[in-house]
Amino acid sequence: MANNSADHPPGNSVAEVDHEGDFGCTMMQLRELMELRSGEAVSKIAECYGDVQGICRRLKTSPIEGLSGNPADLEKRHTSFGKNFIPPKKPKTFLQLVWEALQDVTLIILEVAAIISLALSFYHPPEGDNEDCGEAGAVADEGESQAGWIEGAAILFSVIIVVLVTAFNDWSKEKQFRGLQSRIEQEQKFTVIRKGQVIQIPVAEIVVGDIAQIKYGDLLPADGILIQGNDLKIDESSLTGESDQVRKSLEKDPMLLSGTHVMEGSGRMVVSAVGLNSQTGIIFTLLGAGEDEEKKVKKGKKQGPPENRNKAKTQDGIALEIQPLKSEEGVESEEKEEKEEKEKKKVNVTKKEKSVLQGKLTRLAVQIGKAGLIMSAVTVVILILYFVINTFGIQRKDWKAECTPIYIQYFVKFFIIGVTVLVVAVPEGLPLAVTISLAYSVKKMMKDNNLVRHLDACETMGNATAICSDKTGTLTMNRMTVVQAYIGDTHYKTVPEPEAIKPETLEILVNSISINSAYTTKILPSEKEGGLPRHVGNKTECALLGLVLDLKRDYQPIRDEVPEEKLYKVYTFNSSRKSMSTVIKNSSGPGFRMYSKGASEIVLRKCSHILDASGQQRVFKAKDRDEMVQKVIEPMACDGLRTICVAMRDFSTEPDWDNEADILNDLTCICVVGIEDPVRPEVPEAISKCQRAGITVRMVTGDNINTARAIATKCGILQPGEDFLCLEGKDFNQQIRNDKGEVEQERLDKVWPKLRVLARSSPTDKHTLVKGIIDSTVGETRQVVAVTGDGTNDGPALKKADVGFAMGIAGTDVAKEASDIILTDDNFTSIVKAVMWGRNVYDSISKFLQFQLTVNVVAVIVAFTGACITQDSPLKAVQMLWVNLIMDTLASLALATEPPTESLLLRKPYGRDKPLISRTMMKNILGHAVYQLVITFTLLFAGEKFFNIDSGRSALLHAQPSEHYTIIFNVFVMMQLFNEINARKIHGERNVFEGIYRNPIFCSVVLGTFALQIIIVQFGGKPFSCTALTIDQWLWCIFIGVGELLWGQLITAIPTHRLKFLKEAGHGIPKEDIAEEVLIEGADEIDHAEMELRRGQILWFRGLNRIQTQIKVVNAFRSSLYEGLEKPESRSSIHNFMSHPEFVPISEEESRISTIDEGCAEFELPFSSKPLQS
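In my numbering, the protein residues as written are 1 to 1174.
The reader is advised that the hints may include incorrect statements.
Unchecked claim - Each computed DSS-like pair below joins lysine-lysine, with the alpha-carbon atoms no more than 30 Å apart: (1) 621 <-> 750; (2) 714 <-> 621; (3) 750 <-> 714; (4) 750 <-> 730; (5) 621 <-> 631; (6) 585 <-> 522; (7) 370 <-> 1060; (8) 569 <-> 585; (9) 771 <-> 370; (10) 528 <-> 215; (11) 606 <-> 631; (12) 985 <-> 754; (13) 189 <-> 493; (14) 502 <-> 606; (15) 914 <-> 771; (16) 914 <-> 833; (17) 175 <-> 195; (18) 444 <-> 908; (19) 552 <-> 569; (20) 443 <-> 1060; (21) 621 <-> 502; (22) 623 <-> 502; (23) 493 <-> 621; (24) 730 <-> 754; (25) 444 <-> 502; (26) 447 <-> 90; (27) 522 <-> 215; (28) 195 <-> 528; (29) 83 <-> 189; (30) 502 <-> 569.
As the list claims (entries may be wrong) - What follows is a set of in silico ranges between Cβ atoms, one per label pair, in the way DEER data are often shown: (31) 103 <-> 404: 25 to 35 Å; (32) 119 <-> 374: 23 to 33 Å; (33) 694 <-> 507: 53 to 63 Å; (34) 998 <-> 1028: 33 to 43 Å; (35) 196 <-> 737: 49 to 59 Å; (36) 809 <-> 694: 25 to 35 Å; (37) 400 <-> 112: 22 to 32 Å; (38) 665 <-> 178: 53 to 63 Å; (39) 122 <-> 899: 31 to 41 Å; (40) 446 <-> 74: 29 to 39 Å.
Since the hints were made in silico from the structure, they are not lab data.
No residue lacks a Cβ here, since even glycine has one placed at the ideal position from N, Cα and C.
My request is simple: use the sequences and hints to build the entire structure.
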């Protein structure tokens, strides 16, 4: 396969530069070329290659036909220039994860205690009379003292089990996320031209020499050089940190860099560098992603600082966050003086405060940790004091040298008991439960068309109180068709026959639509027999092309006659223009013709003529326009149609093309069309579910107010006879801004509670509304807002919202990048599913807490009082660790995987400040604790009489395990098992078995735990301090356990509101605190609980921080190029696994690009006749 010349037009023949089948330029030459910018690059291209066509010739590709797609040729390009793939960092090995799990402070303390205990058990005091050492010397008989090592060994063994379980959890979680990550990557496709066909290929298959088509909203997947562009503007802030958009053109700056965002316009580029050789890849290499790749990379202009920052990070032990596309960090370190950076930082701090659940959990865990620490310290002190006073005070013994090891053994035993109390007090299972619950939900949500990019979004969604939804595509089907038209002074209620229109007018109309639309927009035949034709590209343009086909004409021949290269100038659609115009040179004579289309009231305002019935131009005055608005546009809009005006203008001489105001003026209107976009059939029901669940749905659209109102009424967002507001962006801004044009929160607070439809809105309006609702202090709780968006311009609003939903089909890369959840089917009903899952996560965590805290309260009190009264904990260290394992790991598995039910949507959302543990739960926790404590203490102090066995109290140092204490341990575990079933309901429901068969994991965990318990008791022997029990004793233990279920019914019968003394726990952050936090500039989102943590009072607290480890695990897959390269919003977050790359606020107002979605009117009919009360 020598070259592709066969596939090229002869002009591109490459025979003369065929270096033995090699390419005419090396990878390094191209790489050096890509490091140049603007003027330098242009001169370098001219000097070395002649022009861009020259580069194409050397790369053996045709600017028009693209590559041949021949596998041998593609393979050769892979070997010469590399693949478009950045290898992910190696995952952590299982051993590394084990090592990280071992860092848990409580475990370390236990290990130390166990090792000391082991060492001492091998020390035998010299033969002789141990009586001198007082009671302490009374070791059980010889054979027993030989077995002293067993307890230490058993503790070590159980520590190993806990560590392995944790490490395995982390490992499987990482595997899961790598899978998710690769799935996200595979879904990333890009448009290239091969063999003259426009096709979409996965980003990883792009090779050097490919001709890629770029359009607004794309995230460039590789470096390239512009071949042809229309009004192209790129946001390069991800590489340079400069937030200004860069204009790209062949003459001034043709260099396009990977990882940058197309903000306006369209074009074609030849790919010049991929993977590790692209600008993004080079930074990756600097950051150590492709370690095996070469290191001799010249640093790009601003690529230094992030490297050092990240090196420091690695040493910190926080896994390296690969953050190449956002070297904003580096920029900040360089340009501290820039006030703008400070602003940016402020934005980031007030962005998601820790997710609701995280904040509450951290606070709760800190409180429990403190309590546990105090309890365990007091236990140890009391035990030691009692022993010292008894031995040296009451028995009046002296401390003798040979007795020291025996005394120390006692002290170690007390210390182990103390640590055991602590181990049981700290709910290490919490982080695990959160993780399991979220990971499980995320996996299941994929089936419900929600691709979750940030784990905590899933749970925040359960608290959502408001959803601001787009109209097009989310509430409607986004299959647009022209159903009415106004052509030649006639208003057709259906699409007219072509014979009804003057041929001259028809000719102009068809040409205008065909040429003045993105050439990537097409209507293709359906893939299925008898299906609807496929719409590719911008849906509004598809509707217009559909009109051309309905008029029995074809747009393709016209496009072939005027290819994109011949377009003289293109004003692409953006939100300030709300129109698109294309200029072509007249083929017959001098002069130019410009075709325009856009939102009807905007384009009509610029029209001075209109084509009449005979196809002649006649003057079109302001009063004609008002009449047309009333008679044509308003009726169309009230039918829920979006109106688009098509116009043209001829220029005899060349004007100044940059003076847009003059150019886009003095137009001639050709026609106005009404485009229908039907409401999705399932949306009205979904919206009524939201309203039942206490969630307000608001529609924010760029459309005309009448269209918006008609659709909102069809969807059920507006109910007849209700006093709600429908505003246009203009009026909205008038009502919320003061004389200086600044947004005032007080004014906004008067508007948003009643606002249901915001029409003709810009992205800035959307962002202002979202920010206003989130910052508002009206009402008891802070609002939690979800937003949907698809356009590049929706980025700031998606980022600001508590949960941002991007559209998987219609959404641009930029929107997806800024979002938390991607809706793979663009459907509003999927949002309702997300709400259900979110509430389910919250409830699962509450169930787990209710169960866990009952265990904790009982175990701590039993260990504490038991130790103080009998000098020995009734539950031994190893037993405590087993209890900890079943209560933490297994229970979190069982309770965190309950599937959601529709009934979750029947209650109002929990607020930000609603406590995690409600009064009902507190009643359950304390109620069950009372039952368990009474039983345990009865057994402890009178059990031997009841069962007619020997008492196990005041056993000697290495005594045989007693039946008495085995029964206590067994009963304790049985009560927990049955209480686990009680914990399935947290709102005081009576039937705790409801739907239990729908959760196989729960059933298997309960049965599995039961089986293990039998094995431990019957065969655990000395290590578990157990002796085998008889069948009668077992039946009694199970009977007492079943008592839990009956007791649960009794507790449910007590009305909660009578129990005024019950306190709630695990509150959210009070409002005042939130306000303060926002003020602390640059305080990287440390909430108060965290500050307490930081003070290091509670080292033990690493139990919670085991999560840190989990974050690190997950950082490993951060190293994937597109969806992956993100930096976590807050280092302290519990489960912010896949977090956003920062969407640099393009001075949030500026960039607003969008589709023609914004098509329609100016007038406003207040929805209710009442004035807005202020």
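Right, here's what the structure says about each hint:
1. 621 <-> 750: violated (39 Å)
2. 714 <-> 621: With a Cα-Cα distance of about 36 Å, the restraint between residue 714 and residue 621 is violated, given a limit of 30 Å.
3. 750 <-> 714: Measuring from Cα to Cα gives roughly 26 Å; hence the hint holds.
4. 750 <-> 730: Cα-Cα ~16 Å, so holds.
5. 621 <-> 631: holds (15 Å)
6. 585 <-> 522: Holds. Residue 585 to residue 522 sits at ~24 Å (cutoff 30 Å).
7. 370 <-> 1060: holds (25 Å)
8. 569 <-> 585: Holds, at about 9 Å.
9. 771 <-> 370: Violated, because 37 Å separates the two Cα atoms, which is more than 30 Å.
10. 528 <-> 215: holds (28 Å)
11. 606 <-> 631: holds (19 Å)
12. 985 <-> 754: violated (36 Å)
13. 189 <-> 493: violated (40 Å)
14. 502 <-> 606: Satisfied, since the Cα-Cα distance of roughly 24 Å is no more than 30 Å.
15. 914 <-> 771: holds (22 Å)
16. 914 <-> 833: OK: residue 914 and residue 833 at ~22 Å, within 30 Å.
17. 175 <-> 195: Distance of about 39 Å is beyond 30 Å: violated.
18. 444 <-> 908: Holds, at about 23 Å.
19. 552 <-> 569: The hint holds at about 29 Å.
20. 443 <-> 1060: Violated, because 41 Å separates the two Cα atoms, which is more than 30 Å.
21. 621 <-> 502: Holds, because 23 Å separates the two Cα atoms, which is no more than 30 Å.
22. 623 <-> 502: With a Cα-Cα distance of about 26 Å, the restraint between residue 623 and residue 502 holds, given a limit of 30 Å.
23. 493 <-> 621: holds (25 Å)
24. 730 <-> 754: Distance ~17 Å between residue 730 and residue 754 Cα, so the pair holds.
25. 444 <-> 502: Cα-Cα ~58 Å, so violated.
26. 447 <-> 90: Holds: residue 447 and residue 90 sit about 29 Å apart, inside 30 Å.
27. 522 <-> 215: holds (15 Å)
28. 195 <-> 528: With a Cα-Cα distance of about 25 Å, the restraint between residue 195 and residue 528 holds, given a limit of 30 Å.
29. 83 <-> 189: Distance ~15 Å between residue 83 and residue 189 Cα, so the pair holds.
30. 502 <-> 569: Distance ~29 Å between residue 502 and residue 569 Cα, so the pair holds.
31. 103 <-> 404: 25 to 35 Å: holds (33 Å)
32. 119 <-> 374: 23 to 33 Å: holds (29 Å)
33. 694 <-> 507: 53 to 63 Å: 57 Å Cβ-Cβ, so the 53 to 63 Å window holds.
34. 998 <-> 1028: 33 to 43 Å: holds (37 Å)
35. 196 <-> 737: 49 to 59 Å: With Cβ atoms ~52 Å apart, the hint holds.
36. 809 <-> 694: 25 to 35 Å: holds (29 Å)
37. 400 <-> 112: 22 to 32 Å: Roughly 26 Å apart at Cβ, these two residues keep to the hinted range, so it holds.
38. 665 <-> 178: 53 to 63 Å: Taking Cβ atoms as reference, residue 665 and residue 178 lie about 56 Å apart, which means the hint holds.
39. 122 <-> 899: 31 to 41 Å: violated (53 Å)
40. 446 <-> 74: 29 to 39 Å: Since residue 446 and residue 74 have Cβ atoms about 32 Å apart, the given range 29 to 39 Å holds.
Checked against the numbered hints above, the structure breaks hints 1, 2, 9, 12, 13, 17, 20, 25 and 39 and satisfies the rest.
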